[in-house]
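K.L.:
Sequence order for the protein chains is B and A.
The first sequence runs 1 to 493 under this note's numbering.
The second sequence runs 1001 to 1142 under this note's numbering.
Keep in mind that the hints were calculated from the coordinates and are not lab data.
Since the model is a prediction, treat every value here as computed from it, not as a measurement.
In this text, a Cβ means the ideal position worked out from N, Cα and C, and glycines have one as well.
Possibly wrong hints are sitting among the right ones.
[To be verified] Here are the computed distance ranges between Cβ atoms for each label pair:
| # | chain 1 | residue 1 | chain 2 | residue 2 | range |
| --- | --- | --- | --- | --- | --- |
| 1 | B | L351 | A | L1037 | 41 to 47 Å |
| 2 | A | L1084 | B | A313 | 26 to 32 Å |
| 3 | B | K465 | A | G1049 | 38 to 44 Å |
| 4 | B | S20 | A | G1059 | 35 to 41 Å |
| 5 | B | S338 | A | L1084 | 45 to 51 Å |
[Unchecked claim] To give a feel for the contact side, a few chain B residues facing chain A, derived at Cβ under 7 Å:
| # | residue |
| --- | --- |
| 6 | F77 |
| 7 | V88 |
| 8 | L91 |
| 9 | F95 |
| 10 | P192 |
| 11 | N199 |
| 12 | R233 |
| 13 | V237 |
| 14 | M240 |
| 15 | I242 |
| 16 | E341 |
| 17 | L455 |
| 18 | L459 |
| 19 | V478 |
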Amino acid sequence: MIVFAEVNATALVVFGIVLSVTLGITYWASKRASSAVGFYAAGRGITGFQNGLAISGDYLSAASFLGIAGLIYLYGFDGFVYSIGFLVAFLTVMFLLAERMRNSGKYTIADVLAFRLRERPARVAAAIGTLNVAAFYLIAQMVGAGVLIQALVGIDFTPIFVLNRVGFNPIELFNRAEEAGKAKGSTFSLGPGTFLKNNTDMVSLGLALVLGTAGLPHILMRFFTVPDAKAARSSVVYAMFIIGFFYLLTTIIGFGARAILGQEGVEAAGNGGNLAAPDLAEELGGGAGTTGGDLFLAIIAGVAFATILAVVAGLVLSASSAVAHDVWSSIIRKGRDSEKEEVLVAKVAALGIGAVAMLIAILGGEGLNVSFMVGLAFAIAASANFPALLLALTWPRFNTAGAVTGVLFGVVTALGLIVISPIVWGGVPGAPDTGAFTWYDLNNPGIISIPMGFLGCYLGTVLSKERGNERSFHELRVRSETGLGSERALVEH
Amino acid sequence: MAEASTESAPSGEIDWEAIERSPEFQELVRSKRSFVLPATIFFLAWYMGFILLAAYAEGFMSDRVYEGLTVGYCLALTQFLMVLVLGLMYLKRAEKVFDPLAEKAIERYAQHSGRYAAEGGHGNGDTQVGSRAATSDREVSR
């Protein structure tokens, strides 16, 4: 129940300060990138630790912070499943892709495909994958940003009961959360099955999460910013520590919200539970209407908004470089355009992509949990980008037709299944029977679309007569395993 | 079909296939695989096992270990532990075994890598020292 009552002035001012500092730093940093390699890949001079931070910043989005806290608040254990998947996914990235990406790529993930496949179709395929993932991911971020603004401009916070604070005993937190979860109408549970009621859907989501990160263009692009494979590898480990720690905190926030806000806070937290974390902060600061409450709310909202900005920036960069670098410059203009023109196209593309994502977020996103939506982006990434990238780097026989069919199979299956999924047709996640297509009850398409992506790669490869890229495979293999001939770091100053 | 190599692959100077056939490279690939393959199988199995239990064994996952702490959360915490342990193990193994092997495999060609990147359009090969892996590794990440 959102009432645009009096504007929360304290909160807005603090929020504004946090935001201006973030934008200020960003502006300062942007002035330092002058060349193309500086713009796309930070001169490849980022250290492992810095890149670990950057990966965490790109990764820990509204989904992680607001979405997971909200899901744990509303449903308990099932929200935690998301954190586990998001974290374990980094093992996939580390073991299979991080160093190889660093050694064989340049600006975008398409470079890796184009290295040994026919350039134009390979770039188009990679751009299709990138744009679809970025679109879904962006919508989630926009929804997250939208609810935060609502929280600041004024929400009718239903009276929030001031409950006992939880001490520093996590078991006590579990106990209180469980106690509070027994309330009438509560969906909270310490065991699984309250949000992801459909067993197959849980497995489908699990697969999408663990393989999806290895297909996220904005995360993979980060490996082009470090000087070598060793830094790529260490940056993943730094990211694992930061992200793992963060998810432990999110769990505490989710349980804390359950223990302290109780069932009464559900309405204020919104349909998707996205506002549980800011609500909890406000309560802990002294409650709605108090200066302390306003301050806490503003800080947490400011921080969450800054993380959203970071992710949006990463996503828009990956999407607009796919358009400008892969489609416009390499394919339409065949390399005859100037760098100025490419940057202009990138800017126009960024504007367009942002506008489309905002529109969809406004039209349909309001009641959805942002983690759920990011789960869909992960499914597309795991189905379209991951198979093609992995096979380009490891399968000698793999060819252009395979990459194109694989990406198309992955994108089309994933998108198609999302369109007919119960949630699009008015169902809530976990209530599979409400869809218009009763024979299909999965909300996350991963379990079908990921195998389809691999199948597409395989079929396209064996059915086409295309040969002759095995020689360049030897080069790519040596290069990706040893770093010989890989892009070098710029020495600045 | 058209030759697939793009802008950055005038392969004249480096005999990639020779490197690939060399015992050093084979040793590198073999030792990497002997770590990465079992590790990947293990983590995927442990993770998907957790997911399958959460999906199909709700009762078991909701069993209490101690007060409000359930089996599900204990298993979830082992996932955190697994990520960190495997991550650090890989880091150590790579530093001790993979990196020296990779260096050995490309020793003869090390001086090429600077020039080679320059052909990509924006590298500045002249300012770089040949043994890329040896020099830049040290300054990163500590």
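K.L.:
Are the hints correct? Go through all of them and say.
P.N.:
Each hint, compared with the structure:
no., hint, result
1, B:L351 <-> A:L1037: 41 to 47 Å, "45 Å, holds"
2, A:L1084 <-> B:A313: 26 to 32 Å, "28 Å, holds"
3, B:K465 <-> A:G1049: 38 to 44 Å, "42 Å, holds"
4, B:S20 <-> A:G1059: 35 to 41 Å, "52 Å, violated"
5, B:S338 <-> A:L1084: 45 to 51 Å, "47 Å, holds"
6, F77, "5 Å, holds"
7, V88, "5 Å, holds"
8, L91, "5 Å, holds"
9, F95, "5 Å, holds"
10, P192, "4 Å, holds"
11, N199, "4 Å, holds"
12, R233, "6 Å, holds"
13, V237, "5 Å, holds"
14, M240, "5 Å, holds"
15, I242, "11 Å, violated"
16, E341, "16 Å, violated"
17, L455, "19 Å, violated"
18, L459, "18 Å, violated"
19, V478, "5 Å, holds"
In summary, the numbered hints that this structure violates are 4, 15, 16, 17, 18.
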